[in-house]
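Q: If you want the building blocks of each chain, they are given just below.
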Amino acid sequence: MASVTGARQRQGVTFRWVMAVGIVLVFLIPLLYVINISLETPAEFTASPLSIALHPQFRNFTSAWTTGDFGPQLLNTTLYSVVAGGLATMLSLFIAFPLARGLVRVSEGIYRLLLVGFFLPIAIIPLFIEAKALDLYNNRIGYILLHVEPAIPLGVIVLTSVIRTLPLEMDEAAQIDGCPYWKYLWSVVTPLCAPGMVVTFLWSLLGVWNDIIGPVVFLNSPGLFPVARGIFAFEGDHLTAWTLLTAGLVIVALPVVILFLIVQRRIIRASIGGAIK
Amino acid sequence: MSATPALAPKRTRAAAPEQAAPGRRARQAEVARRRGRGVAGWSRGSRIFMWTGLGVGLLFYFGLGIVPGVGTIVVAFTNYSAFPGVSTNFTGFQQFAAAFTTEGPLFYQSLKDTALFVLGNTVLTTVGGVLLAHRLAGARKGDGFLRATVFMPTVLGATVISLMWLFIFDPSAGPVAALGKHIGFSSGFFGSPTMALPLVVFVQTWAGIGFGTLIYIGGLRAIPREMFEAGTVDGCGWWRRFWLVTWPLLAPSTTVVVLLTVVGSFTTYNLIYVLTDGQFGTNTLGILAFNSAFSGSANLGYGSALTVILFVLTLIVAIPLQYWLRARERRAVD
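Protein chains in written order, with our numbering: chain D, 775 to 1051; chain P, 228 to 561.
Do not take every clue at face value.
Okay, the calculated beta carbon distance ranges per label pair [unchecked claim]: (1) D:997 to P:274: 41 to 47 Å; (2) P:452 to D:843: 24 to 30 Å; (3) D:1039 to P:358: 20 to 26 Å; (4) D:952 to P:549: 22 to 28 Å.
Quick look at which bits of chain D chain P covers, simulated, 3 or more residues with Cβ under 8 Å [claimed, not checked]: (5) 821-832; (6) 896-904; (7) 914-924; (8) 949-955; (9) 993-999; (10) 1016-1028.
Just a sample of chain P residues kept apart from chain D, beta carbon distances all over 10 Å, derived [to be verified]: (11) 284; (12) 304; (13) 312; (14) 330; (15) 392; (16) 482; (17) 508.
Quick caveat, the hints were computed from the structure, so don't treat them as lab data.
Here a beta-carbon is modelled for each residue, glycine too, at the ideal position from N, C-alpha and C.
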């Protein structure tokens, strides 16, 4: 019996190690490799793509920044994703609160309608037609407004469920004290729903930051491009400046990776369902 | 255990009137009376703010969510073109018919590519998700780090992921090609008719498996420990224990993972757009519809018709699949 258990334990240890090595190899090494190449000179990379950056230098980053219009594009991306993410979070809250409290007679109907959005055909083609008709095509404000909607349904679902856990008595207290609705939302509901608000904001921010189809469909002037589109300047059909491209990738990914590392525990725990500490 | 939070607010609401002082009860009745009129006891200004906020939010949702979603079906019945000067007419089912006649060869090939893409993704994500979840469900040292590693692609986004893999599998400059040279293997990778689809499936799964893994971790943690112990005492090997105990008990998680992956794979095209742009046997319906509308012919009507076909196809697959998966969950409980 003991030997059987021992064998099983050894089996378990082998499984743990094989899986750990596999995960690192498949999920981590590619990312580290890209960072590695971004630190090499073009000559080092051409000599051997498998070489390790023994003399790391940051010239790729500076030249990627200058040749690729990276500065303005990163500014565009930041502007688009922060403003659109903020608007989406705010509007989600504006919808979620009355729905969660049943303040509107058709709350339940509206809530169901928000779910309908998940079951509609891909909307990119009519969205393009609408963008042209409403003058949202190829301008910053339009691009931001077009990116507000995608995050709303999930945001409302998340925030409604969080708001429902807040005691009704708090609303009543605010009403009796004559606290205005917007002030109540801002100084009471928002702080108490902080995790839900953060998840909604980050999720919509990521959606805009990483969008690759939007810039192709809704933008035409290079000056308006976010990095997600601008980075393709490094990728030519015949001559790709690989070290520049990898540096560009690192620049694009770094902000979201840092954000992710800050909040990943919370996001992963929330997604698992918090079943275990 | 899990029912407690759901019950808590109900209990407070029910218990409050009895515990409350008379004055408070009157106040609550007043509040309830005012809520009965449709809006709570907020001031007039607050009500205007509330209605405006709700209205603007819903305007966004309807105008840029529901309208274009339904609009796809409308545009599919027209010959709408992005070229200026071309008049738009209702063309009935002409665009749909085109898919099966003039555009037939491309369309049928696309159906095949879509089927392989969806099947490949679903199998890889489900099997890989279960495997990864088994390794990552614990709380030992390093598990959190590995979890974050597997989840990382979810935040990286299509641009970074696709360009990174294009680079790694570049046939002339990439590291995989350099490794292959040592063993005498060479390929066009994303530019090869045989390799492109498997590689695209791999990248798509790589990008999305974090979610599947998290869902399975949640499922694993919900299984009572005694279930595993019973299996251990009975002297089952790990495979029998997995197959007879764990896998059936994971049925609800499998339902979610499979449905999300199937629907997601049918509709996604942003990674394919960069990796192959639909060439070399990766022309799924999603990318074909997108390219029909936005490159070359700029035929928004035909692109919409393909999107509607894709939508119907997704429903035809997903609805029976859901019934089957739910039935499977019930069998697992017995």
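Q: Next, verify each hint and record whether it holds.
A: Quick rundown of the hints versus the structure:
1. Separation of residue 997 (chain D) from residue 274 (chain P) is about 43 Å and conforms to the stated range, judged on CB atoms against 41 to 47 Å.
2. Residue 452 (chain P) and residue 843 (chain D) have their C-beta atoms about 57 Å apart, which leaves the hinted 24 to 30 Å range violated.
3. Between residue 1039 (chain D) and residue 358 (chain P) the Cβ separation comes to about 23 Å, which falls inside the hinted range of 20 to 26 Å.
4. Between residue 952 (chain D) and residue 549 (chain P) the beta carbon distance is about 50 Å. The supplied range of 22 to 28 Å is therefore violated.
5. Only residues whose beta carbon comes within less than 8 Å of a beta carbon in chain P count, and the segment 821-832 of chain D has 3; three or more means the coverage holds.
6. Only residues whose C-beta sits within less than 8 Å of a C-beta in chain P count toward coverage, and the segment 896-904 of chain D has 9 of them, enough to reach three; the restraint holds.
7. Counting residues of the segment 914-924 of chain D whose beta carbon lies closer than 8 Å to any beta carbon of chain P gives 5, which reaches the threshold of three, so the coverage claim holds.
8. Residues of the segment 949-955 of chain D lying with their CB closer than 8 Å to a CB of chain P number 5, which satisfies the three-residue condition for coverage.
9. As drawn, the segment 993-999 of chain D meets chain P at 0 residues by the rule of a beta-carbon pair under 8 Å; below three, the given contact is violated.
10. Remark: the segment 1016-1028 of chain D is confirmed as covered by chain P, as 6 of its residues place a Cβ nearer than 8 Å to a Cβ of that chain, reaching the required three.
11. Chain D draws residue 284 (chain P) into its interface by the beta-carbon criterion, the shortest separation being 4 Å against a cut-off of 10 Å.
12. Remark: the non-interface label on residue 304 (chain P) is consistent with the geometry, its nearest Cβ contact in chain D lying 12 Å away (cut-off 10 Å).
13. For residue 312 (chain P), the non-interface assignment is confirmed: its Cβ lies about 14 Å from the closest Cβ of chain D, beyond the 10 Å cut-off.
14. Here residue 330 (chain P) stays apart from chain D, with its beta-carbon at least about 17 Å from theirs, past the 10 Å limit.
15. Distance check on residue 392 (chain P): its Cβ comes as close as 7 Å (rounded) to a Cβ of chain D, failing to clear the 10 Å threshold; non-interface status is violated.
16. Non-interface status of residue 482 (chain P) relative to chain D is upheld: no Cβ of that chain comes within 10 Å, the nearest being about 15 Å off.
17. With a least CB separation of 20 Å from chain D, residue 508 (chain P) remains clear of the 10 Å interface cut-off, as annotated.
Checked against the numbered hints above, the structure breaks hints 2, 4, 9, 11 and 15 and satisfies the rest.
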